[in-house]
Amino acid sequence: MSEEKLVLGFEGHTVEKTVKLPEGEPRPWDLTSKLEVVGKHHPRVDGLLKATGKARYTHDVRLPGMLWGVLLRSPHGAARVKSVDLTKALASPGVKAAFSLEKSEVRFHGDEVAALCAETLDQAREAVRAIKVDYEVVPCVVDATDARKEDAPRVFAKRENILTSPMSQKRGDPAAALSSADKVVKATYRTQVQTHSALETHGVVARWEDDGSLTCYASTQGTFSVRDGLTAQKLWKLKASECRVIAEHVGGGFGAKFGPGVEGVAAARLAKEAKAPVWLMVDRKGEHLSCGNRPDSVQEMQGGITTDWKLTVLTVSSYGTGGVAAGAGVYNPGDYYKVPNVEKREESVFTNAGGARAFRAPGHPQGCFALEQMVDELADAIGMDPLEVRLKNDPSVVRQEEWKIGAERIGWKEKRNKTPGRGAGGDGAPPRPYAGTVLRGVGCAAARWGGHGGPGATVLVKVDEDGSVEVRSGAQDIGTGTRTVLAAIVAEELGLEGPEAVKVFLGDTRDPVGPGSGGSRTASSIAPAARSAAAQVKDAFWAALKKALMKVADSPEGQMKGGKVLLDLNSGPKWIPFAEAVKKTGKKGFQASADRQDNYKGAGFHEQGVAGCQFAEVEVDLETGKIRVLRVVAVQDMGTIVDALTAESQVIGAVIQGVSYALFEERIMDRRSGRMLNADFLHYKIAAPADCPEIVPILFPVAAGMNNVGLLGLGEPPTIPTAAAIANAFANATGVRLREIPMTPARVLAALEGSAKPKKEWR
Amino acid sequence: MAEERDGVSRRQFLKGVSASALGAAALARAGLPALRAEDGAGGTTGIERIPASGGKLDLTLNGKAVSLACEPRTTLLDLLRQRLGVTGAKDVCDRGACGACTVIVDGKPVVSCMLLAHDCSGKKVETIEGIGSPESPHALQREFARCDALQCGFCTPGMVMSLKALLDRERTPSVEAIKGAVSGNICRCGTYPRVFEAAQSAARSIGGGK
Amino acid sequence: MNAFDLLRPRDIETATKALKGESPPVVKAGGMDLLDRMKEGIDRPAALLDIQKIDSLRGIDATQSSLTIGALATLAEIAASEAVRKQARALAEAAGEAATPQVRSVATLGGNLLQRSRCWYYRSSDFEPCLKRGGKECFAKEGRNKIHAIFGTEAPCVAVHPSSLAPALVALDATVGVVREKTLVTKPIADVFVDGTTCDRDHALAPDELLASVSIPLGRRSAYREFQERATYDWALASCAVSFVWRDGVCAEPRIVLGAVAHRPVRREAAEAHLAGKKLTPELAREVAAKALEGAKPLAENGYKIQIARALVMRALLAAAGMEAGK
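Chains as they are written, first to last, in numbering that gives the first Met the number 0: chain F, 0 to 762; chain V, 0 to 209; chain Z, 0 to 326.
In silico PhoX-like links for lysine-lysine, alpha-carbon gap of 25 Å or less:
| hint | chain 1 | residue 1 | chain 2 | residue 2 |
| --- | --- | --- | --- | --- |
| 1 | V | K63 | F | K53 |
| 2 | V | K107 | F | K53 |
| 3 | F | K4 | F | K16 |
Keep in mind that the hints were calculated from the coordinates and are not lab data.
Since the model is a prediction, treat every value here as computed from it, not as a measurement.
Chain F on its own, in the form it takes in the complex (with noise of 0.2 Å):
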């Protein structure tokens, strides 16, 4: 154990800290740190590969003889299976295996109910229509609502339709506090189902290996969360080490990737049983039902506020669906303002619709669309500015700066309308039906995230007599840039040129382990055990060096940079290429492997969480409830920045992802038949290109302290606030609230029409 003080937060407001660094572990990076590669712009490493169609992913994998699965999925919204019949199915032409998923009953649209592979994907498609299904349909339930109500049919015979989640809060005295503070709101805001619609649908590709080991390329967002779901299937008996699990591209995760399915379960059995390599992904309509998706809410929320600007009371009472899963849950309101009196109750409904998974942040974009409105509305009840409350009640000194270099971004004093409903910047000119009248107003929301990383990652760095580089990780990169941030930080470690300079291997099992995609903590798991790896090799080097009697200073420190080493030749002192350097040793390489440590103890700067904000323009047309997102201003802390191009990438992707759902995604389902009406990208609508606002990510770098590198987590928390601000945005544009999501036409005009309409001043 060492010691080290660290200069730790940002400019105009650091900290001095001492940490006890584990052994072997390089000094962590702070404001005093003088880095070549981290935190400049530079592209991500697999980008020709991706703009020029040679990346492979799970969907483009070919295997010689591979076969093409499919799966049958129910038709209805509840069903009991009397009987499966394979037999006209098993004659179709090319079909090769098939079999029953054995199912009793069937408690969704899109349930599983069979599976079988053909020589042709054609093929395959038309046997599954020729197995025969005997249905007994019965009622079913697809809206929270409506499964709450006592006579309201059971998802599972056994269980009551309503789980009360124990993830609740509650302090102070909240009903002392809303009978005290001097204006109370209540309201209720409502969210929708949003589906992952990750653009490579799930599936694998399975191979049964002559040794009876299976091999498995997934598009996943776990290696081996999917290669641990495998091997404890009872169908087979397999050691981790008899699994491999594949990932070298995937198209999009978020959170619903992580264990293998019901389709790569079918897959690496119809393979075995097919004895040919099965290729099964899942088609976008089967992605839309059964693989996950954001579960809806319903918050009744109250709120109490003093006339001298301070929220003292918050309490929210929630319900939701997450399918035939649980976990519709919302965050708890009270982790972000200074608030002393909270309570937080809430439900998880089940219904007959696919099951909930993870979704990029699960329960906060719902959670924040109901708190970031309601501190609006509760500054609109002391009739102040919602972005001073804002500030008078945000503990996060990170976030006090965001909140001010954001609303100078978006230029909120003039943007702001001071008379809502009324023309933008207040010039008293009364909405004009029909005559194309548009106002404009602007909102803000907050986002926070406590996504820090953690142990359970390994990372082999290695360096060959040629001077050649590799990394490699078991875990995956699902389009984040996870490669791109190990290449850079291990070639700043090593003081080479750029993270080009480094070849990252990711996505097999083979390789050590990672963590999944989830919680924002791949990169923040793995780059610190990338940078302690690279460190020792380096280490290595340099002893080396030494033991080649070549001249050099006793610490490699400030004599590795720009892919050069500095060394003390005969001719004098000279900058020599590293891979010239490396021959110099004599070595036949080096190679070191690292794991994550713990977070240091009562080290990092975050005790609030990475913190973020945004602010939206919008634009309303009154006339048909369009609403036209102008611009976002996203500022975002990450700790420390690694790639600054992806990782605005990130932010600005999150901020699309939230306009996506604040007016367009909804899951719309047929009430009587529990079918999913819109399980495709016609009716399914994800923002266009057309519909992007104008994005400004600001990253806010904050040197955090807590490991080597200091990344958190940053593919979750920029999607948070986009469809709260959006909201808020609408709000000070017309004057009404719309308190439910998406903000749809429909939604739009019916808040117009119900609240602003005999507003006196307009006539």
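Using the hints provided, position chains V and Z relative to the given structure of chain F.
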């Protein structure tokens, strides 16, 4: 008189309808141009029949002649991905609703999932693999990587091909034209602003290079 | 998709000959709509008649009195055609707003007019066949119907016609040329469409009829406006095409047609009468728009379409008159 024409000339127009059968009067009533004598009689050219089991298909793929037997139901996308192992174009929605399978056929961007392979008989098909490689990328591919106009990368080949079709047609497209060209391409990661940026940058480099 | 034979005639007569008989092949042009239905499995034809090699069905021709467009003209060609933009602006706008560049490259005029409804009940193979597929029930009427009809909702089927070109062509007084065997028949385009009492079809053409061309008389000012939730590539929730003869600032013989609000494009005659012979002003446009939506009977979830359609009528009128909405 100033007669405006687009595309195929009027002489060819409705050529197949035999004058004798339909009569000039009928055509006039229909507001259709009268036929000329040399257009000849219809109904004589026969009918080509490709049985469900498959028929010969010839097309040019990325400059190379491809000739194979193919079922009528095989889509161009399935031909590329499942038969030929050309997997750059992605199968995402399979309904022409996302643009990830975009390729260029005879200079036009198309959704290959909604075309029959036989629709492309005798045509030139260009895919992401045909326009550049990591070693020698097309300007668009290079700029997509440089500007980070991609994240998971699954929509990227479609985006690039939609834009390639635009840049082949217009050397200096406006931002609006760029947005229009990718208006049928969905990205779930949210890369749009950088796609616009990469396209502008590529257009500048191509335009400037010539 | 099911396996099918592909038949490829090179001339119209061969094509129409092939369409005779007990179980004729299904006509395929660009295939954008047909393949979608086949992929879903709601249509499983044994043979397709691919008419794309019939060159005589291509092209756009303008004379002094009319504009004639072959059924195989693609939406991209129509949107880009100088002649169409000048003489039939509503049509160019409708073609340009439809779908995506990739679809417009391939989708044809004929296919757009004869496509089937986008009702999500009809389009799902998981549902029992609805009225449109020969079944007994319309699931949309009491079901989820935010995308459905607001006119003619008393009819058995409340699906809407999805074509964006159709309302434009109806507003332009277009006629269609239809070939059956060796006979060419012209009829008003309005006759191509059917109302919700003819549930199992979305057009009135017989299986052995081939849509050959569309002709548009010249001399009308026109405009098309549609509304979709997303900025691009979305099905219109409502659309409006208008046209009139412009005589010294006065709108004569106006046509006001709404799309995506009924089983067929619907002309709003009362609104036309209110406009006829008057000088268009924003105030008048508002009155006409209100008239155009009179008689709408929305379903449970689509009342909002009325207000949107009203706005579209106003905007289309002002656009056609060169008085763009706004200031």
